[in-house]
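With UniProt numbering, the residue at position 492 of the sequence shown is 492, and numbering never jumps.
Hints in this document: simulated from the structure, not taken from any laboratory. Keep in mind that a hint or two might mislead.
[Claimed, not checked] Calculated cross-link-like contacts (lysine-lysine; reagent style DSSO-like; alpha-carbon spacing at most 27 Å):
1. Lys368 x Lys378
2. Lys353 x Lys368
3. Lys769 x Lys830
4. Lys195 x Lys459
5. Lys289 x Lys534
6. Lys837 x Lys882
7. Lys548 x Lys620
8. Lys769 x Lys792
9. Lys837 x Lys879
10. Lys548 x Lys882
11. Lys769 x Lys837
12. Lys378 x Lys289
13. Lys620 x Lys769
[What the hints assert, rightly or not] Beta-carbon label-pair distances, calculated as ranges:
14. Leu813 x Arg344: 22 to 32 Å
15. Ile826 x Ala363: 47 to 57 Å
16. Pro178 x Gly400: 30 to 40 Å
17. Gly221 x Ala430: 38 to 48 Å
Only a predicted model underlies this, so the values are computations on that prediction, with no experimental measurement involved. We treat Cβ as the ideally placed atom computed from N, Cα and C, and that holds for glycine.
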Amino acid sequence: MNRWRLPGGLLAGRRGEASGRCKAAACCATRAPPLLTAAFFLLTLASIVACTAGAYHVLAVDLGVEWAKAATLGGGSGASSNPAVVLNDQANRKSPQCIAFRFLPYDTDDVLQKVERIFSEQALALEPRFPEHVVCGPSLLAGRGVWRGFVAGSDTGAAAQAALAPEDAASLTYAVVPHASRDKLAVRIAGGRDKQSVLEFSAEELVGMFLTYLRRIAERGLDGEPLRHLVVAVSTHASLAQRQAVVDAAAVAGLRTVRLVHGTTAAAVQLAYLNADQFFAAARENASKYVMVYDMGSRGTEVAVYAFAQSLQQPGTITLLAAVVHDTLGGRAFDKCIARYIERELFPNARPKAIEPVLAASAPAARKAAASLLRAVKSARERLSVNQEAPVVVQGVQEGGGDFTATISRARFAQECAHLFDEAARLRDAAIAQTRGVVPSLRDLARFEVIGGATRMPKLLERLSDGYGRAVDRTLNSDEATVVGAAYVGAARAGIPVRGFRVVEPLMNDVYFSLTPPLQGGGGAGTRHLVFAKARTLVPAVQSLRFKNRTADFTLTLEDDGGRFARATSIHGVGESISAARGRRGGMSLEHTEVVVEVTVAESGIPFVSNAYLRATYVKRTAAARKGQTGSANTTRNEFFAASAAEENATDTEASEEAQKHPTPQRPGEQAEEAGAGPTLPPPPPQPPQKQQQPAGGAGAKWEEAPEAAVEAEAEEEVEEEEEAEVAQSNPEEGQAGERGDNGTGEGAVPGVGSVSTAKREEEVMVVKRVVRGVPLRFAPAPFSAGVNLNKTETMAARDRLRAFQRIDDERLMRSAIRNDLEALILHYKSLDAWDKATVGSAGEGNWREVVADVARWLDDASDNVALAELQRQQRRMKELKTGDAATG
Numbered sequence: 001m002n003r004w005r006l007p008g009g010l011l012a013g014r015r016g017e018a019s020g021r022c023k024a025a026a027c028c029a030t031r032a033p034p035l036l037t038a039a040f041f042l043l044t045l046a047s048i049v050a051c052t053a054g055a056y057h058v059l060a061v062d063l064g065v066e067w068a069k070a071a072t073l074g075g076g077s078g079a080s081s082n083p084a085v086v087l088n089d090q091a092n093r094k095s096p097q098c099i100a101f102r103f104l105p106y107d108t109d110d111v112l113q114k115v116e117r118i119f120s121e122q123a124l125a126l127e128p129r130f131p132e133h134v135v136c137g138p139s140l141l142a143g144r145g146v147w148r149g150f151v152a153g154s155d156t157g158a159a160a161q162a163a164l165a166p167e168d169a170a171s172l173t174y175a176v177v178p179h180a181s182r183d184k185l186a187v188r189i190a191g192g193r194d195k196q197s198v199l200e201f202s203a204e205e206l207v208g209m210f211l212t213y214l215r216r217i218a219e220r221g222l223d224g225e226p227l228r229h230l231v232v233a234v235s236t237h238a239s240l241a242q243r244q245a246v247v248d249a250a251a252v253a254g255l256r257t258v259r260l261v262h263g264t265t266a267a268a269v270q271l272a273y274l275n276a277d278q279f280f281a282a283a284r285e286n287a288s289k290y291v292m293v294y295d296m297g298s299r300g301t302e303v304a305v306y307a308f309a310q311s312l313q314q315p316g317t318i319t320l321l322a323a324v325v326h327d328t329l330g331g332r333a334f335d336k337c338i339a340r341y342i343e344r345e346l347f348p349n350a351r352p353k354a355i356e357p358v359l360a361a362s363a364p365a366a367r368k369a370a371a372s373l374l375r376a377v378k379s380a381r382e383r384l385s386v387n388q389e390a391p392v393v394v395q396g397v398q399e400g401g402g403d404f405t406a407t408i409s410r411a412r413f414a415q416e417c418a419h420l421f422d423e424a425a426r427l428r429d430a431a432i433a434q435t436r437g438v439v440p441s442l443r444d445l446a447r448f449e450v451i452g453g454a455t456r457m458p459k460l461l462e463r464l465s466d467g468y469g470r471a472v473d474r475t476l477n478s479d480e481a482t483v484v485g486a487a488y489v490g491a492a493r494a495g496i497p498v499r500g501f502r503v504v505e506p507l508m509n510d511v512y513f514s515l516t517p518p519l520q521g522g523g524g525a526g527t528r529h530l531v532f533a534k535a536r537t538l539v540p541a542v543q544s545l546r547f548k549n550r551t552a553d554f555t556l557t558l559e560d561d562g563g564r565f566a567r568a569t570s571i572h573g574v575g576e577s578i579s580a581a582r583g584r585r586g587g588m589s590l591e592h593t594e595v596v597v598e599v600t601v602a603e604s605g606i607p608f609v610s611n612a613y614l615r616a617t618y619v620k621r622t623a624a625a626r627k628g629q630t631g632s633a634n635t636t637r638n639e640f641f642a643a644s645a646a647e648e649n650a651t652d653t654e655a656s657e658e659a660q661k662h663p664t665p666q667r668p669g670e671q672a673e674e675a676g677a678g679p680t681l682p683p684p685p686p687q688p689p690q691k692q693q694q695p696a697g698g699a700g701a702k703w704e705e706a707p708e709a710a711v712e713a714e715a716e717e718e719v720e721e722e723e724e725a726e727v728a729q730s731n732p733e734e735g736q737a738g739e740r741g742d743n744g745t746g747e748g749a750v751p752g753v754g755s756v757s758t759a760k761r762e763e764e765v766m767v768v769k770r771v772v773r774g775v776p777l778r779f780a781p782a783p784f785s786a787g788v789n790l791n792k793t794e795t796m797a798a799r800d801r802l803r804a805f806q807r808i809d810d811e812r813l814m815r816s817a818i819r820n821d822l823e824a825l826i827l828h829y830k831s832l833d834a835w836d837k838a839t840v841g842s843a844g845e846g847n848w849r850e851v852v853a854d855v856a857r858w859l860d861d862a863s864d865n866v867a868l869a870e871l872q873r874q875q876r877r878m879k880e881l882k883t884g885d886a887a888t889g
């Protein structure tokens, strides 16, 4: 049974088929007679070529808040071993994460037909004019709910992570509303005549739209090769709900997520590829080198410390030692700092009239002015990275729509935002302290890499370099290091042949489970039990939950600490399997049954039910006579009996096949840390265990259906474990032997174990044989579940709507191309010398002028949403025309 497989599998179907052909050809060539060896060799060679040609690409995406980057990496004869960064429609290497919805004046009841979608730079250019119709940064909403802390007075770090903060909501130009059926956010866009056309999207739909856009432009760069496999870079502190939202968005876009990778980890992998000889030198195989990755983006900052180690058993191991996250310290925090200074010091002195503050106002005009102010200070901050002074031009903020112009210096910027630079340095020191002495100081770092679009500020680089002994390292591309590293990680995960490094990371979120109906004596409905503990569980990991005396179907729900992530899985067929187990006698009696549910948390940090089966234990007692012997040969032993290895493997295979028939979709979430803090990550052991030891009540425990049910933690090493046989002896000396000790002379000793008898005796032994059999159970996602993530029905509906949008966009693009072609053909015909001459030749040859004139009139009268089939018919008419003896099409 493959315990480490993500739901849905990892490898593309066509790659699996090609691999199968390779193996089949090789096998046939091995068994073929000598005369046919050459033929089979050619077949094998052709199959290998087919395997190489069938290699596919993986799409890697660094999905920030303001920007998104994409890269592809794949196999094949002509493929490069280095990731290729995807260029967008404007030939830029990164794209603004913006989607504009333009309402068209079409007379139709289909709202989708009235809407045109625009992406990236073109959408961002429309934001100043149509702020309510341009959605920028939809990933900020993914997995988040409605903020309630300011109402209930529970402003905690977890609440800030789970919900959209009021200040973030105020910075959005579009309308964010509560979802109709879940405690999550949705985006509402109204347009058309009198705002009658209303569209409402979930965050997963919007992120899925942008992922589809990135996939399509990437496919154009691959000459139309379809992309199906995706790896996405996420924050180390991303909650389970946020992780699952990304996976759901990819499913909406028709992509299979093979891996979620932390952004700093992806950058560390990219650094390892560039400096493998330096970090993994064979001469110093036992020495570790420590690297800090400092990533400051537009909305937050992440700092992580990694150990790069080389060993004979695991060449090239990258271990996460510490991770510190600040949710709000980013480029936008510095922009707001400058904006507050301008609003406080410069707006009152504006001429001809003072300008009122706009950052805290909620009126639509004020929010539009605030967005203009933030755009202006962002441009000024970026210019201050290379200049001592920069102009600040705020468009449309003056009364009557005039612009406000000022100048800010680098020194003033450093003075006004000194507290932010101090906080940036504190995060660096907190990451060092979290290693618990493994990395004593900054000077013990082999590298201090700084990445992220907001790290170009000279003052920030100066503060971070303090204590390092030299300037911080900037050998990685600040914008592309994460997406390139993610492509390497995704390629290794998807089976693309590239050099891989072993990445060791702990789980970043606690995972709980609850049962419906609940355990008897184990708490009421909704009682949660810990399965995986964050920071103490290395991923991937598998835990087996064993429930004794379960006789009916039930539902197991996996949850995060706050309950925002909830994945419910229904376990079916318990009663039928117990009845079938009772019918399998064969001279044995059924001793007891228990339901075993395996829960897996993959490298992406998302838990799911990977297997479920009924574990039936049978007992068979037989009497056997044994002749006693003198000396050491008289040693009696306990006999152990269990299911044979073949039977055990067959059980695992059946359970695995049943799991594939009923796959469980993924889901994400995490317990948030306070700003500037992260979970303590102790250095993991060299080898990650396949079964993680958990505290009492955790996974691997046996859960008994009894009034006084107790929780006992037992880490299972095998699905079917060996049972010790009970030996009952009729020898009258048995009572005396029972009084011996563990060494054979005291109390509790088992007769014959570690002891030697010098007398001959004849004894009768009752041998108890226990056989364990596994019966697969059916399991599938529950129809409805709590939490903020989409269920299967909602995901399919979102995918269908996205495909409808895409179909309409494709038709609109084709319609525009045919119109342009028709206009070009009309101009071509009218520019011919024969256009003004009298008709010569047959009447059919002279009718081309009438056809051109007729098509020109039709095109002038046709609406923008004319039927595509009619446009294609008119295009054929024009291309089939003849002027004289030559066809003009």
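Checked hints:
no., hint, in the structure
1, Lys368 x Lys378, "holds, 16 Å"
2, Lys353 x Lys368, "holds, 19 Å"
3, Lys769 x Lys830, "violated, 97 Å"
4, Lys195 x Lys459, "violated, 47 Å"
5, Lys289 x Lys534, "holds, 25 Å"
6, Lys837 x Lys882, "holds, 15 Å"
7, Lys548 x Lys620, "holds, 21 Å"
8, Lys769 x Lys792, "violated, 46 Å"
9, Lys837 x Lys879, "holds, 21 Å"
10, Lys548 x Lys882, "violated, 85 Å"
11, Lys769 x Lys837, "violated, 106 Å"
12, Lys378 x Lys289, "violated, 37 Å"
13, Lys620 x Lys769, "holds, 5 Å"
14, Leu813 x Arg344: 22 to 32 Å, "violated, 48 Å"
15, Ile826 x Ala363: 47 to 57 Å, "holds, 50 Å"
16, Pro178 x Gly400: 30 to 40 Å, "holds, 37 Å"
17, Gly221 x Ala430: 38 to 48 Å, "holds, 41 Å"
Checked against the numbered hints given earlier, this structure breaks hints 3, 4, 8, 10, 11, 12, 14; the rest are met.
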